[in-house]
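If you want the building blocks of each chain, they are given just below.
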Amino acid sequence: MPAAVHTPVPDPPAPRPAVGVACRAIVKEFGSGETRTRVLHGIDVDIGCGALTLLIGPSGCGKTTLISIIAGLLDPTAGDVTLFGTPQSQLRGNRRVDFRARNVGFVFQQYNLLPSLTAAENVAVPLLVARRPRKRAIEQAAGVLDAVGLGSRLKAFPNQLSGGQQQRVAIARALVHEPRLLVCDEPTAALDSQSGQTVMELLKSVAVHPDRTVIVVTHDSRVLQFGDRLLEMADGRIVLDTVPSSHL
Amino acid sequence: MNWVAWKMLNGDIAKYLGTVFGVAFGVLLITQQASIFVGLMSRTANPLRDVREASVWVTDRHQQNADEIEPISDGAVHRIRGVEGMDWAVRLYKGVARARRPDGIFRQVILLGVDDHSFVGAPRTILLGDLADLRRPSAVFIDKAGHESLWPGEPLQLGREIEMNERRAVIVGICETSAPFQSFPVVVATYSQATQFIARERKQLSFVVGAPVAGVTPTEACRRIKAATGFEALTYDQFVWQTINYYMANTGIPVNFGITIVLGFIVGAAIAGQTFYLFTLENLRHFGALKAMGVNNRRLIGMVLLQAAIIGAVGYSLGVGMAVAFFEISGRALPDLRGISIPWQVALGTAGVVVAIITFASLMSLRRVLLLEPAVVFRG
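If you read the sequences in order, they're chains A and B. Residue 134 is where the first sequence starts when you use this note's numbering, and the numbers rise one by one after that. Residue -1 is where the second sequence starts when you use this note's numbering, and the numbers rise one by one after that.
Derived by calculation from the structure, the hints in this document are not laboratory data. Some hints here could point you the wrong way.
Going by beta-carbon spacing under 10 Å, a handful of chain A positions derived as facing chain B [unchecked claim]:
id: 1; residue: A151
id: 2; residue: L206
id: 3; residue: T210
id: 4; residue: L224
id: 5; residue: G226
id: 6; residue: N227
id: 7; residue: V230
id: 8; residue: A234
id: 9; residue: F239
id: 10; residue: Q243
id: 11; residue: L246
id: 12; residue: P248
id: 13; residue: V262
id: 14; residue: R306
id: 15; residue: E334
Built from N, CA and C at the ideal position, the CB exists for glycine as well.
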């Protein structure tokens, strides 16, 4: 059997589409037989570039499953996700992993910073994943940390930073390789209101990039004001698609 | 990503050291016990090793090892010398005697009687005295450990007297010998003198030792001796292994040490395996994040294997280092352990065991990492 040839996935062709994320009839089921549970019931949604989209809904409504599928971390049971013109169903194995590494950035609720790395080193991780030389990666990471207001804490370890600062480090890490899709899971859930506001302002500022799509999953009503679009989910369906101001 | 793997590993220094020392103590246990076992087994053949100039050993036909001796007649040496292809052959006595100090304190000793003229079999490392003094009447050498055993805490001294078989013996030299299996003092005399220190028997000769002329192999010489005389004739290597194998087969030593070595393996595998596995479990969230960020399974495998290799290498080095220190210190402080060191085969074998332990631990950990869904990072 010939060895699998691993060819890099080409960057999406120009002109780039205004729709960053296109979900078509997304169904997701977990389990099998009698325990089979349908979590997403045919989600159809387009999410555009240059805007911050909020995804809200009660626990268990399928938000996390949907963003996992959008980010390429989970396969849908049926349907397809197209990211910046590339259908994810066409990508398999390492090709999908490479695509994700280059085009998707993540901000997690619990930050997920490596405790033994400094702030700059943590931010450099996506560049190391892309096989950049370590010294250059850390230099580039320092620049991004400076841009999020943490230029003075480059050598601080996560346990020496406040929650808000750690989340800003996590955002810097998500942005350092200039991904076109930024997926944020409850980025303010563990923060006080002041820190949460700072973080959301930061996300809002990166979302204005005309080539970037930012999706924020949240339970936090304080952040609704920062969204350009609001998607509300219930029982595995999108039940409301509106602008946040109408929701406030 | 190797650098990230290294930083993840030593980020929590307490856990890192806990894992490393788990391997190190397993290695220490295995190396130490295996080395003592090999050392003890090797000691059974030490009487032969101190007579390295002899490549041919002739004994009674039914002899099974170098310690339980059926004497042969003194005239045997002449018959052996007459075998074609033998260059030289001399008598060697080895037996057990009772050495009594003038104040009545006594010890069982190993008595060696070396050839009166050639001194074949005489000790090579002389600490005090001159080997030629062995020819003086009643003269004996005693090994250093034996002197310390008979006169504990007293400085080495020539001229002391002991009594063996109601005959006076004067210590004219103190020497080093390879440690015997029984931990008895070693007393060396000439053959004719040694036979005076034991109860008289009709046959007294323990071994005839010799070497063939150039061009005749020891194996061939042994074959000719057997054919010509009916005695058992063994090459040096054959006699060494016959003796070692006898002790292996007829004592509980291999079983006892084997159990300890297996326990060392289990303890090492359990501690190192469990600690490394727990380390991976604790980092599962971070591995998940790395997976989400685009680190593929091959690179994750590389990271886990690198971490395991570092733990294995550092733990092995520490464990062997501790074992070396143990033998260095105990060899000086405990005469019973003198001469026992770590054979390279034991060091290599232990390295193989560490590879097995680390492979086991890695496989357990890798299973969790590879089955990890990157989406787990969104589940808190």
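Tested hints:
1. The criterion of a C-beta within 10 Å of any C-beta in chain B is not met by A:A151, whose closest approach is roughly 25 Å, and the hint is violated.
2. Interface hint status for A:L206: upheld, as the beta-carbon distance to the closest one in chain B is roughly 4 Å, under 10 Å.
3. Interface restraint check for A:T210: the shortest CB-CB distance to chain B comes to about 14 Å, outside 10 Å, so the restraint is violated.
4. A distance limit of 10 Å between C-beta atoms decides the matter here; for A:L224 the minimum to chain B is near 12 Å, and the interface restraint is violated.
5. About 8 Å separates the beta-carbon of A:G226 from the nearest beta-carbon of chain B, less than 10 Å, and the hint is met.
6. A hinted interface residue such as A:N227 counts as satisfied when its beta carbon comes closer than 10 Å to some beta carbon of chain B; here the least separation is about 5 Å, so the hint holds.
7. About 5 Å separates the beta-carbon of A:V230 from the nearest beta-carbon of chain B, less than 10 Å, and the hint is met.
8. Evaluation of the A:A234 hint against chain B yields a held restraint, the C-beta minimum of about 2 Å falling below 10 Å.
9. Among the interface hints, the one on A:F239 holds; its C-beta lies about 5 Å from the nearest C-beta in chain B, closer than the 10 Å criterion.
10. With its C-beta approaching chain B no nearer than about 6 Å, A:Q243 sits inside the 10 Å limit, and its interface hint holds.
11. Because the smallest distance between the Cβ of A:L246 and any Cβ of chain B comes to about 9 Å, under 10 Å, the interface hint for this residue holds.
12. A distance limit of 10 Å between C-beta atoms decides the matter here; for A:P248 the minimum to chain B is near 6 Å, and the interface restraint holds.
13. For the restraint placing A:V262 at the interface with chain B, the shortest Cβ-Cβ distance is roughly 5 Å, inside the 10 Å limit, so the hint holds.
14. For A:R306, the suggested interface contact is upheld, since its CB lies about 8 Å from the closest CB of chain B, less than 10 Å.
15. The closest approach between the C-beta of A:E334 and any C-beta of chain B is roughly 23 Å, which is over the 10 Å cut-off, so the hint fails.
Of the hints listed earlier, those the structure fails to meet are numbers 1, 3, 4, 15, in rising order.
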